[in-house]
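There are 6 protein chains.
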Amino acid sequence: MRIDGRSSRELRPVHIHPHYLKHAEGSVLIEVGDTKVICTATLEEKVPPFMRGGGKGWITAEYGMLPRATEQRNAREASKGKVAGRTMEIQRLIGRALRSVVDLQQLGERTVWIDCDVIQADGGTRTASITGAYVALVLALARLVEDGKLESLPVRDFLAATSVGIDPELGVILDLNYSEDARAKVDMNVVMTGAGQFVEIQGTGEEAAFSRAELDELLETAQAGIERLIAVQRQALGEWAARVGEKRITEQEGAE
Amino acid sequence: MRIDGRSSRELRPVHIHPHYLKHAEGSVLIEVGDTKVICTATLEEKVPPFMRGGGKGWITAEYGMLPRATEQRNAREASKGKVAGRTMEIQRLIGRALRSVVDLQQLGERTVWIDCDVIQADGGTRTASITGAYVALVLALARLVEDGKLESLPVRDFLAATSVGIDPELGVILDLNYSEDARAKVDMNVVMTGAGQFVEIQGTGEEAAFSRAELDELLETAQAGIERLIAVQRQALGEWAARVGEKRITEQEGAE
Amino acid sequence: MRIDGRSSRELRPVHIHPHYLKHAEGSVLIEVGDTKVICTATLEEKVPPFMRGGGKGWITAEYGMLPRATEQRNAREASKGKVAGRTMEIQRLIGRALRSVVDLQQLGERTVWIDCDVIQADGGTRTASITGAYVALVLALARLVEDGKLESLPVRDFLAATSVGIDPELGVILDLNYSEDARAKVDMNVVMTGAGQFVEIQGTGEEAAFSRAELDELLETAQAGIERLIAVQRQALGEWAARVGEKRITEQEGAE
Amino acid sequence: MRIDGRSSRELRPVHIHPHYLKHAEGSVLIEVGDTKVICTATLEEKVPPFMRGGGKGWITAEYGMLPRATEQRNAREASKGKVAGRTMEIQRLIGRALRSVVDLQQLGERTVWIDCDVIQADGGTRTASITGAYVALVLALARLVEDGKLESLPVRDFLAATSVGIDPELGVILDLNYSEDARAKVDMNVVMTGAGQFVEIQGTGEEAAFSRAELDELLETAQAGIERLIAVQRQALGEWAARVGEKRITEQEGAE
Amino acid sequence: MRIDGRSSRELRPVHIHPHYLKHAEGSVLIEVGDTKVICTATLEEKVPPFMRGGGKGWITAEYGMLPRATEQRNAREASKGKVAGRTMEIQRLIGRALRSVVDLQQLGERTVWIDCDVIQADGGTRTASITGAYVALVLALARLVEDGKLESLPVRDFLAATSVGIDPELGVILDLNYSEDARAKVDMNVVMTGAGQFVEIQGTGEEAAFSRAELDELLETAQAGIERLIAVQRQALGEWAARVGEKRITEQEGAE
Amino acid sequence: MRIDGRSSRELRPVHIHPHYLKHAEGSVLIEVGDTKVICTATLEEKVPPFMRGGGKGWITAEYGMLPRATEQRNAREASKGKVAGRTMEIQRLIGRALRSVVDLQQLGERTVWIDCDVIQADGGTRTASITGAYVALVLALARLVEDGKLESLPVRDFLAATSVGIDPELGVILDLNYSEDARAKVDMNVVMTGAGQFVEIQGTGEEAAFSRAELDELLETAQAGIERLIAVQRQALGEWAARVGEKRITEQEGAE
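Just so you know, the protein sequences line up as chains A, B, C, D, E and F, in that order. The first sequence: position 181 = 181 (UniProt numbering), numbered continuously. The second sequence: position 238 = 238 (UniProt numbering), numbered continuously. The third sequence: position 171 = 171 (UniProt numbering), numbered continuously. The fourth sequence: position 90 = 90 (UniProt numbering), numbered continuously. The fifth sequence: position 243 = 243 (UniProt numbering), numbered continuously. The sixth sequence: position 93 = 93 (UniProt numbering), numbered continuously.
Don't read these hints as lab results, they were simulated from the structure. Wrong hints could be hidden among the right ones.
Since the list gives no way to pick one copy over another, a pair counts as held whenever it fits inside one copy or between any two copies.
[Claimed, not checked] Computed cross-link-like contacts, DSSO-like style, restricted to lysine-lysine with a CA-CA straight-line distance of at most 30 Å:
1) K46 to K185
2) K56 to K46
3) K22 to K185
4) K56 to K22
5) K22 to K149
6) K46 to K149
7) K149 to K56
8) K22 to K46
Construct the entire structure; sequences and hints are all you get.
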């Protein structure tokens, strides 16, 4: 039995509160157990200089953590004057993951800025960020459809993320909280689409290594968790859930 | 009549949610109209190097804003690699104001770190930060009393803050929201104690000036607003409200 | 009696040396007791990007201190690679104060850069900076009139600043030097116009608070001091003193 | 057929030149095709502050690239004053990977600084860095054995890394050069031990996703490549190759 | 004839005002023509970490320029957040030059901080800084003798600096002002001792080169100028001038 | 006899390997004894903003050192977030020296970026950088001639650099290695042209001074060394060596 009574393949309770902030084009508060992240999506009607004139859009992400989101207070990155390597790694991951399911050509020369700010941390902040940011992103893109700037959502599929790990006693477990993460010998973050394809796999054995059989079990466990996360995303998106991937179908029909 | 239907001397609805985060020794979410700030207080059992051995405690504050707290997205200070002048001004103000009602000698060689993070901004973020941070601070200090590290709250009085301003048409108004602030010809932030004394007055006429009579009206309006804010603080503090200022009385008795 | 023999409402000796440097369009050395500040005003024939095309001018200020202006050497901000919060607060104050008496519309799309560099510090450097910078600013704007680029000085009124405070023994005192400032329980900086209106009031009780009656006395003391500072400014400006506010009168006449 | 005539499962020519620099305790120049990296290992007889007194050692890595290692000149990170997110990601990866095969307890309170500097880049610089740094690390640790400071190499196993990817036309390919990497729809870096276990898997579909079957093929291809890289490492290490993992065996015997 | 009527081997008027600031242990204002530099020397009773326990003292220098010291305003280095290469070069030069005539052993474990701040610039600011800083340094060291902390001045000789250059029309000229410097094809800074020895020679042909004969003429011209600068230093130092080099004589006597 | 057996006027073995890297327009590895520097020249078809429209080209240089190029590891400047004063001084020197022999008018509105990265350091890295960078520069400019963008090499003369110094026992010595440099009482870097003219002389007596006679001996020793370095450059340039200075001759003929 796990510390919090969950079975090894059980997610923590997940809630996604859409339209959490009034100014952002898209926003959610996502809660995965005690991990809470505010995710916003901001639309900008231009792309970075290196992409201008190419006709394609761009999605970029930033990640932050309130100083007292954690058990010990962390110095504010703004005060330290530089962004930590861990932060950069996470924001690159979030941006890359979201871009993988968006049709940037259809988006046109627009940038979507994703901001994920961790209000309270208890493990899995990067995967919660991806899962929440996906919903904020779709809500912001829905705005473009509502305003007649796009005909359909330029989103090919659902996308969510979770963590899996190998506990020295319990073996493979899903959705690690902070104390589980601290004792795991292998830690893996998996990002998958609604169609069950992989977008990102980051598996790490800090001071350890893992076998092929363990890897297989980790991946299957992650997949089951992600399917349940996508169900929560569908609910948060309401009627817009049905319009994800719509365009792709149309195109395929056109191609026949 | 004001944009949002308030009378000129009316505060926006104010809510203070105590114990908002699980890790911090003290925390609140304060809502003043659409302005929402998370305030935390972190206890550290040492003081900065320049104060060591002096037997006194210290209170320091940091202030931040989520990039999309505002109508337009603001670049993250961590990404820009430096803290804006406005931010520094606000964090210095918050720290100074809170220190004015705390008995640093009684606190002993401890630091309280205050973090005010604006989740959503609609004017008055610095005064909401002070009002909310006061409650988070008392909650954290109460922890020291509960743990037997202090005999009584080292807090001499209540403390809250609000803004007042001169609207070109409506004259003196209380608790300006963002659009009111943008058109005000004079803007003033006032911090006061429960005893009705001033701790900080910052009045500014950007591209304008104001008379002594106007100043008097501004100060009276602010005082009435602050009394109501303190009533909300009392409620949020529950039984601890009665213990604010307690020590001072004891001391006076002892001195007789 | 005060440390240096002054009465409680007495300014230190004030000298303003106009045209102190040869390159700047306007410059002064201001001495207020042992506090010495070089103030320069630089004209630039454009405004910052965010103001372009608006037809209005801009005034911005920077403040610095030589490392050994103070009793203990302070590390150079250039070497530390960042500007302290105190410095930013002061430069924002100087700029805001000066803008309040300048007709930015009449100035046109020009920027005036104000630089205040403290050569020797003995309390009151920010108020001496404002008082001196005002003169440097008028001298630089006079250059625009002389060159035929402006018909009259775009300056509505005089402007000067001083500090007042509450000494634990002497009560309210004017123009605090460094040692007085260090022991004052309340410290207030006041910026006023020639017409006796307030432009900025910053009153602070560090680890203390002050009553309404004390506030009134502080403000009256400050006002008397500022009147005397403006008399010194008039002398330093020579014939240009008479042309301050000139335009406003003309406009009022035109409006009749 | 691939651009450079290789078959899809073929590595580029790999050379490891040990003892490449005279000052470093361990150093190599590794060439993987046209990718050339200088890897050094520096011994320091202390650990970072957060590890002191714990009896364990530490391995940390830094990564850099000469400005003209690439086809277009890249601005020097020192001149830009900050380290890019990509660089931080890579240096964290290198350090983590190397630590996974070192017995930090046996190493004792020492730090090994790994520096990987890319002299010429043609894809796969992070995996070449890991493969080369492993050899530099063992050479530096061998110095400790030679000097009598350690009884045996505190290294449990071999460790090497390579990249695999999915080319839109050729399918899964091994050890991508720069132009192959630019057109690959999936890119994966794999770090494995001599025993064939995984230490790190980082698979990314930029603007794409991949199936479980594709993942399996990628992993098998990577494994075959890494076995060949370890053979090259063995040669570069000469007689020290036989002493890798030695200690582990002794311990197991002792435990019987 | 030169722009300002000087002959080719003539210095500009030089004035050194000792004890210019009240807080610093040593200070001067040096004027060389229109170039004006405030030089201060600050004593600190410790040395940098890398020198502790060695029994020797240290002298370090910093250099700055007021933003409007020059014809065009220069952005403040503090605001830019970094020190320019030119500034670093100058501060390294000043420190190195001063150290060459100080007996650091005799100084003991103390640091002298030299600050040279250019108030007004018209060419030759680095050489004026050295010449002025030397006097500020001796004044500060004299304080140590007066206070009984040192028996004699730990200064072996006088030290001053000037610039020479080759004008395209006038040939070799001494002590270039800004406009002369701008058109010179060769520019050389020379630092010499009272005994006529070289401490530093920095000759540069920007987009040009110079012959051995030209070099000889440059050096002779510089030497004559430096002798006159040392005469001005002697006057500024008053009775302390006679005590420069005193210790050296004593030592030689002792050695006989 | 010197530590490494050289006579006092003998250079260390010098090798210049042209075309060392595949991407750069010009590149060499220069070895001067154990000092090894990679020098590259990158062509860019534009000049910095301040030079645009002037019709002239620009040459700028950057200098770096691998962390373990030295006996003790040096922290990476990128990690420290700022460039050391020493580095800035060297890169300014390299750029200035190279510009002195290039006809920037003939080069046209192009920038040549020079990068000198020290792989292994044993004294004389800045002079080796100049000597090697000169060859990389000519190789890059030769590319412009080959591509028909320039009719002839815009290079007026050869250029090389070496160090000389005064050893406390051996007197004047040429081309100091690291241990010689550490004990030298005078250190001088000299940059000269093929015609035997000086471009830069930087002589420094750290905690010492030197006479005119010593200076003369230093310069003669340097000149002899530089002639030999230019012979090595000629060899490395192959057929392009003959085309250095070619244009100047043509111009002189045309002028007759």
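Here's how the hints hold up against the structure:
no.: 1; hint: K46 to K185; result: between (44 Å within a copy, 26 Å between copies)
no.: 2; hint: K56 to K46; result: both (10 Å within a copy, 28 Å between copies)
no.: 3; hint: K22 to K185; result: between (42 Å within a copy, 27 Å between copies)
no.: 4; hint: K56 to K22; result: within (28 Å within a copy, 33 Å between copies)
no.: 5; hint: K22 to K149; result: within (21 Å within a copy, 42 Å between copies)
no.: 6; hint: K46 to K149; result: within (14 Å within a copy, 37 Å between copies)
no.: 7; hint: K149 to K56; result: within (15 Å within a copy, 35 Å between copies)
no.: 8; hint: K22 to K46; result: within (22 Å within a copy, 37 Å between copies)
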